[in-house]
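So the sequence shown is residues 159 to 350, counted in our numbering.
Mixed in with the good hints there might be a few duds.
Here are the simulated distance ranges between beta carbons [as the list claims (entries may be wrong)]:
hint : residue 1 : residue 2 : range
1    : Arg188    : Pro343    : 28 to 38 Å
2    : Ala285    : Ser336    : 14 to 24 Å
3    : Arg188    : Ala324    : 16 to 26 Å
4    : Pro251    : Asp177    : 33 to 43 Å
By construction, these hints were calculated from the structure, which means they are not laboratory data. Built from N, CA and C at the ideal position, the CB exists for glycine as well.
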Amino acid sequence: MAFDKPPEAAAWRHLDARDGFEVLQVSSLRDGWRLHGTTAAVEDGVAWAVRYVIQVDERWRTRTARISHLLDGGPGEVTLEQADGRWLVNGRPDPGLDGCLDVDLESSAMTNTLPVHRLDLAEGAAADAPAVYARAADLAVGRLEQTYARVAGGPGRQRYDYAAPAFGFTALLVYDGSGFVVDYPGLAVRCA
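Hey, can you work out the whole structure from these sequences and the hints?
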């Protein structure tokens with residue numbers, strides 16, 4: 159099922175795991191999309207803010223991601239670049255990330271949009287979607303094994319059983335017709 163054109167802007171309110179907000183601006187590129195967002199939250203009594211600019215190709219494979227944060231220790235930034243499933247982290251190859259086609263930011267509900275668009279699964283189908291994972295607190299980067307299994311959805315909605323075994327985490331994620339998360343149980347709900 160092809161998705162509708164993504165919205166020009168979106169926002170999520172973070173719940174349960176943290177208190178906060180994420181906003182996103184979407185820009186069409188000649189051969190893909192630019193996703194520019196910011197998340198600010200308080201988690202376990204610690205405030206943080208993460209800003210990201212992610213560029214994806216027309217098939218929603220991540221090309222580049224620039225992620226920055228502001229914490230007590232001052233600003234920090236990490237740059238990720240991908241070509242043919244190989245990654246550079248701040249300009250240096252990281253073979254441990256080979257095969258990943260998506261970026262998943264701990265701070266963002268939006269980044270779960272990337273594999274859903276790229277995989278375009280039919281109901282009943284499932285796929286592994288390992289991602290380059292960036293932590294909110296320190297922007298440490300590593301590989302995150304994840305799976306998405308599309309289950310029956312309602313009108314204008316798609317639903318996926320999502321699992322990240324490293325965290326012992328599973329959830330039923332709900333997406334709108336444009337393939338953006340509207341309900342991420344325990345983490346966020348779309349509010350615009």
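Kindly indicate which numbered hints from before are broken by the structure, ordering the numbers from low to high. Violated hint: only 3; rest satisfied.
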